[in-house]
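Could you slot chain H onto chain S? The hints should help.
Number of protein chains: 2
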Amino acid sequence: MMVTIAVDAMGGDNAPDVVVSGVIKAAQKGVSICLFGQEQRLVSLLSSFDLEWKTKYAITIVHCPDVIGMEEISVRHIFKQKMSSVYIAIDHLKQKKVAAVVSAGNSTAIHAMATCIIERVAGVLRPALGTFLPTVYGGRVYCLDLGANTDCKPIYLEQFAYMADIYVRELTGILRPRVGLLSNGHEPYKGSSVVKDVFKRLKNSSLNFVGNIEARDIFQGHTDIIVCDGFVGNIMLKTAQGTVKAVTQIIAQEAKASYLSRFLLGITGGLFKKIKSRFDYANVGGALLLGVKEPVVIAHGSSTSEAIENAILFAHEVVLCQYIKKFNQTVQATMQKVSIALDASNSIHAQSQDHPL
Amino acid sequence: MMVTIAVDAMGGDNAPDVVVSGVIKAAQKGVSICLFGQEQRLVSLLSSFDLEWKTKYAITIVHCPDVIGMEEISVRHIFKQKMSSVYIAIDHLKQKKVAAVVSAGNSTAIHAMATCIIERVAGVLRPALGTFLPTVYGGRVYCLDLGANTDCKPIYLEQFAYMADIYVRELTGILRPRVGLLSNGHEPYKGSSVVKDVFKRLKNSSLNFVGNIEARDIFQGHTDIIVCDGFVGNIMLKTAQGTVKAVTQIIAQEAKASYLSRFLLGITGGLFKKIKSRFDYANVGGALLLGVKEPVVIAHGSSTSEAIENAILFAHEVVLCQYIKKFNQTVQATMQKVSIALDASNSIHAQSQDHPL
Numbered sequence: 043m044m045v046t047i048a049v050d051a052m053g054g055d056n057a058p059d060v061v062v063s064g065v066i067k068a069a070q071k072g073v074s075i076c077l078f079g080q081e082q083r084l085v086s087l088l089s090s091f092d093l094e095w096k097t098k099y100a101i102t103i104v105h106c107p108d109v110i111g112m113e114e115i116s117v118r119h120i121f122k123q124k125m126s127s128v129y130i131a132i133d134h135l136k137q138k139k140v141a142a143v144v145s146a147g148n149s150t151a152i153h154a155m156a157t158c159i160i161e162r163v164a165g166v167l168r169p170a171l172g173t174f175l176p177t178v179y180g181g182r183v184y185c186l187d188l189g190a191n192t193d194c195k196p197i198y199l200e201q202f203a204y205m206a207d208i209y210v211r212e213l214t215g216i217l218r219p220r221v222g223l224l225s226n227g228h229e230p231y232k233g234s235s236v237v238k239d240v241f242k243r244l245k246n247s248s249l250n251f252v253g254n255i256e257a258r259d260i261f262q263g264h265t266d267i268i269v270c271d272g273f274v275g276n277i278m279l280k281t282a283q284g285t286v287k288a289v290t291q292i293i294a295q296e297a298k299a300s301y302l303s304r305f306l307l308g309i310t311g312g313l314f315k316k317i318k319s320r321f322d323y324a325n326v327g328g329a330l331l332l333g334v335k336e337p338v339v340i341a342h343g344s345s346t347s348e349a350i351e352n353a354i355l356f357a358h359e360v361v362l363c364q365y366i367k368k369f370n371q372t373v374q375a376t377m378q379k380v381s382i383a384l385d386a387s388n389s390i391h392a393q394s395q396d397h398p399l
Numbered sequence: 043m044m045v046t047i048a049v050d051a052m053g054g055d056n057a058p059d060v061v062v063s064g065v066i067k068a069a070q071k072g073v074s075i076c077l078f079g080q081e082q083r084l085v086s087l088l089s090s091f092d093l094e095w096k097t098k099y100a101i102t103i104v105h106c107p108d109v110i111g112m113e114e115i116s117v118r119h120i121f122k123q124k125m126s127s128v129y130i131a132i133d134h135l136k137q138k139k140v141a142a143v144v145s146a147g148n149s150t151a152i153h154a155m156a157t158c159i160i161e162r163v164a165g166v167l168r169p170a171l172g173t174f175l176p177t178v179y180g181g182r183v184y185c186l187d188l189g190a191n192t193d194c195k196p197i198y199l200e201q202f203a204y205m206a207d208i209y210v211r212e213l214t215g216i217l218r219p220r221v222g223l224l225s226n227g228h229e230p231y232k233g234s235s236v237v238k239d240v241f242k243r244l245k246n247s248s249l250n251f252v253g254n255i256e257a258r259d260i261f262q263g264h265t266d267i268i269v270c271d272g273f274v275g276n277i278m279l280k281t282a283q284g285t286v287k288a289v290t291q292i293i294a295q296e297a298k299a300s301y302l303s304r305f306l307l308g309i310t311g312g313l314f315k316k317i318k319s320r321f322d323y324a325n326v327g328g329a330l331l332l333g334v335k336e337p338v339v340i341a342h343g344s345s346t347s348e349a350i351e352n353a354i355l356f357a358h359e360v361v362l363c364q365y366i367k368k369f370n371q372t373v374q375a376t377m378q379k380v381s382i383a384l385d386a387s388n389s390i391h392a393q394s395q396d397h398p399l
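Sequence order for the protein chains is S and H.
Under this note's numbering, residues 43 to 399 are what the first sequence spells out, in order.
Under this note's numbering, residues 43 to 399 are what the second sequence spells out, in order.
Looking at chain S on its own, in the form it has when it is part of the complex:
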């Protein structure tokens, strides 16, 4: 069976142009792609890239009249948009007409739709979105949630830690990934009330929990995983981005100050470009939504065409190696074990009360 990746052509700050450009690049590498979006626009874009796209590449189009903007107001509003490219793409995944979905659109909308349409893995209360960040010594640290989970109960963060543990183990081969909990101090008593509760849970868990980690140490490689809620994760990620941007802006200002420094910074400029791209998650490609039954890859809204291409290739690889199936089996078994080990009645109560949206 041919593996086809669904791509939300209308999602992202520079959609559909950048998305289509990324799709062409992935198709050139032999990936079969189904584009979801406004047909006429997509046909003309594809033709402008390559007039013979129909015969040369395995690209098909499913017409979707609506687009969910990056500014859509509420989840309730989003769910009314059943003719949108995201909705139809995810519905195709649910019906197994495609093997995975890639979107650079409104992540709240994708997260919400994927959670409700595709279904969560049994036992998972909140699917989560993570990404690998670089560390200064060449390693990587997997941070989650960076998605839409802004109001988290302690059990959600505990589950994020378990999902991240399985993900990092399988992806990197690290046997016992070190799990850190993002807090406002390394001491166990530091944190919001939720974080303090999570600390206790992780301390009593089977995970390799190394304690609280402070935000100033995220790039120091002290842990393989950093767990946080989606609101705090967003602040962390975007502060890092914003700081790198500010540093490069200050350097540019200083360079204007004298001929000598302009000359010197001109020569070393390549380095700063490299550093900036190292911290820029728009280049990363895409992040797998953990905890839903089928592969959904969410790319950054300001993705470049290379990032879209990478996200598609990543989704393709995930499908080919049947990664999601294996991952989800382990997650399901782990959640079962954890909820049995925990105060069973509490856990069941929380789960039954817990509607994903």
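What follows is a list of derived Cβ distance ranges for each label pair:
1. H:97 / S:235: 46 to 54 angstroms
2. S:85 / H:214: 53 to 61 angstroms
3. S:295 / H:245: 30 to 38 angstroms
4. S:125 / H:158: 52 to 60 angstroms
5. H:364 / S:235: 34 to 42 angstroms
6. S:363 / H:239: 39 to 47 angstroms
7. H:55 / S:125: 53 to 61 angstroms
8. S:295 / H:86: 44 to 52 angstroms
Derived from the structure by calculation, the hints contain no laboratory data.
Keep in mind it's a predicted model, so treat the numbers as computed, not measured.
Positions of the beta carbon are idealized from the N, C-alpha and C atoms, including for glycine.
Chain H only, in chain S's frame:
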């Protein structure tokens, strides 16, 4: 009357050495200082700096046998330490034996003690700690809370915004400071449930509220004030610090790669030192705790002696210009106005239920 500044000699990562060194510098500029800490140790330290300190400078010592460590477990535990340098210093302030307190110690302890011993300004639910951060175009942005308020109700953040507005107006002369609310997206519907509620409150307030601000824009000078809870503020501040540190580490690594780049970076190295210090809040000096009746200046735990000196000079200036009195009068009047304008019954209910710890 001679204005005397109380300095907690035992607070901070490098106490008492660095603190005493900072105290000598401030005393050389004519400030009268009362040191709180272990007398014998302080006498020998002062003597090692200057044998004639007793006659040359207006430095006195109040012996305090106990020290509150940076690792103290809980607020309850902290309050048992009535023989600690922080407790006794703040108690002296309460009794008006000194005019202000400066400490680089455990900020949770100082915050808690100041709130309970000195009392809050009428109407203020939670005192808050803010600091000015640099922006790329030479301006500054005042962020609060960066202190111990980790679990905030919407009304706390609303009050932080009002206090910051008054503080920034008086300190900078900006007539209508632009107030931003830190969130995970600029759209009004983005944020945790608390942040969304605060958005509505600030939108309906008399403040110059410019909406949500994303963490990637904190250094871009879009606002004069950024409001957040203490947990998120800590993550933001320390991520910025950690990112600058990571960037300089990567630059150092790259410099090792070749003679040429080592040479070039050697010449431009001063610039990176400058950038690092611009983002390093350990150099800032101290932050005034807003919302308590007397001036308490909290310096960073890893303060240098210059930072301690600056914090003392700042506290001294605050006392001389009677700043706290004026500030607190305006805060009190504003809180009264706000709580009348707001749903009065709700507000009174929240306030009466609200114990500071």
